[in-house]
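*Asks:* Take a look at the letters that make up each chain.
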Amino acid sequence: MKKVLIPVVMVALLAAIPYLGVTMAGQQYLFGVAIPYAAAALFLLGFLYRLFDWLKRPVPFRITTTAGQEKSLDWIPYSRLDSPATPLQAWVRVLLEVFLFRSLFRNTKAELREGPSFTFASSKWLWMGGLAFHWSLLVIVLRHTRFFFTELPGLVVPIEAADRFIELTLPAFYMTDAVVLSAVTFLFARRLRDAKLSALSLPTDYFPLLLIGAIAAAGVSMRYLDKVDIMTVKALALNLAQLSFDPVPGTIGPIFYVHLFLVSVLMAYLPFSKLMHMGAIFLSPTRNLCNNSREKRHVNPWNKPIKFRTYAEYEDDYREKMRKANLPLEKE
Amino acid sequence: MNNRIQAMYALLIAVAMFVAAWFFMQSVHGGPSSARAAVAARAAAPVAIDSTRCVASAEWMKSHHMQLLNKWRHDSVREGNRTHVTSDGRHFDKSLNTCLGCHASNPMFCFMCHEYANVKPTCWNCHVSPMEATK
Chain P
1 MKKVLIPVVM VALLAAIPYL GVTMAGQQYL FGVAIPYAAA ALFLLGFLYR
51 LFDWLKRPVP FRITTTAGQE KSLDWIPYSR LDSPATPLQA WVRVLLEVFL
101 FRSLFRNTKA ELREGPSFTF ASSKWLWMGG LAFHWSLLVI VLRHTRFFFT
151 ELPGLVVPIE AADRFIELTL PAFYMTDAVV LSAVTFLFAR RLRDAKLSAL
201 SLPTDYFPLL LIGAIAAAGV SMRYLDKVDI MTVKALALNL AQLSFDPVPG
251 TIGPIFYVHL FLVSVLMAYL PFSKLMHMGA IFLSPTRNLC NNSREKRHVN
301 PWNKPIKFRT YAEYEDDYRE KMRKANLPLE KE
Chain G
1 MNNRIQAMYA LLIAVAMFVA AWFFMQSVHG GPSSARAAVA ARAAAPVAID
51 STRCVASAEW MKSHHMQLLN KWRHDSVREG NRTHVTSDGR HFDKSLNTCL
101 GCHASNPMFC FMCHEYANVK PTCWNCHVSP MEATK
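In order, the protein sequences belong to chains P and G.
Under our numbering, the residue at position 185 of the first sequence is numbered 185, and the numbers go up by one with no gaps.
Under our numbering, the residue at position 19 of the second sequence is numbered 19, and the numbers go up by one with no gaps.
So here's chain P without its partners, still in its complex pose (with noise of 0.2 angstroms):
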């Protein structure tokens, strides 16, 4: 249970520390300014760095994960997606895996039952779970270019006007605020419940769930519950977006202190963290290659040359000697 209560504790901490900074100390300028800035820089140049590390890493062999046929003869039909032969076919699968998790779908559960006999079965909920989350950070995401620009990027218009379109609650109710908060309470769950799960579960299994929870909980209660001022905010976001170094414009309530830095603290960690599969999924070797050993020799590019010495040549060395043995010879 230790396992859980640290990171329990830790995001409660972080959310700590920017409520006191700002209503006690005053803050305003560094929770508001300066460890945005700082957090945003530090995403920026740990993603770049991890996918630059992982970049310049050779992968001389194809060492693809496949599901189907591999493509050989022409008349055996084979899995164009499960076991991709050209370029372009394993990125189809890697964009279907981002967009639709794919491998996620064929997740399966093994339980040793009553008799004792082990079975599997196939387990759609970790997909669900899964995709329920990350589409709704998508769009969550997407939502907040409303800060960030005077106006909404064409594209964003219709995705907010979707998200809002049950007309519930005013402010409009935003049906991922909902999605993101039951999915995020589903994976926590998801951990605990299973005996097996959470033997294998980290704290830093746990700290991110929590810490996109916390991040969305405040979010959520700042738009519906303890409203803040929505023209300062706005203010200060187009002052980020300019990369400006403005004090604060105005007094924001301090539970959007707590978004930011929680924000913050997400942004400055991602890089270093499991959340990295953000970028890793793209570069990941047993996704993005195409299974065609078969069809193309791939060499080890740092391979020593080695000397062969052939039949051939071993002939010419002892030729003489073979002649005198009464030894067959390829070549007289």
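What the hints contain is simulated information worked out from the structure, not anything from laboratory work.
Accuracy of the hints is not assured; some may be wrong.
[Claimed, not checked] Which stretches of chain G does chain P cover? Using the computed rule of at least three CB atoms under 8 angstroms from a CB of chain P, they are: (1) 5-17; (2) 65-77; (3) 113-119.
[Claimed, not checked] Partner residues aside, some chain G positions facing chain P, computed with beta carbon under 10 angstroms: (4) Ala21; (5) Phe24; (6) Glu59; (7) Lys62; (8) Thr122.
For every residue, glycine included, the Cβ atom is placed at its ideal position computed from N, Cα and C.
Got chain P; can you put chain G on it based on the hints?
*Replies:* Leaving out everything else, chain G in the frame of chain P:
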């Protein structure tokens, strides 16, 4: 086969959620018939309007005006209660005209902030907006 069954369940749940949401919205919008009778009874009663000061502080109105307007709409249209009594005992007609009585002097009053914050209220789907009224 098992995959298909689970996918069917997921689809069913999604459809059920949408149907439930739709019925919920319908029931909220329809309202009981007793309320409709009350509206008819009380709509005629006029209220003297004090327009020297707003119904609440500017600070509160900045963050909560949409909830107040929504409550006013609900009270006057569904419950037939058209009189708003402020905390300091002043009386107001629960109507958008009460707001526009003062605020329509600036046709951009609503739009400046809403445009700035990229918020699209649904008020002007039915009501004539101050910007259109002055054209």
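*Asks:* Could you run down the list of hints and mark each one as holding or not?
*Replies:* Going down the list of hints, with the structure as the test:
no., hint, in the structure
1, 5-17, "holds (count 3)"
2, 65-77, "holds (count 4)"
3, 113-119, "holds (count 5)"
4, Ala21, "6 angstroms, holds"
5, Phe24, "8 angstroms, holds"
6, Glu59, "9 angstroms, holds"
7, Lys62, "6 angstroms, holds"
8, Thr122, "7 angstroms, holds"
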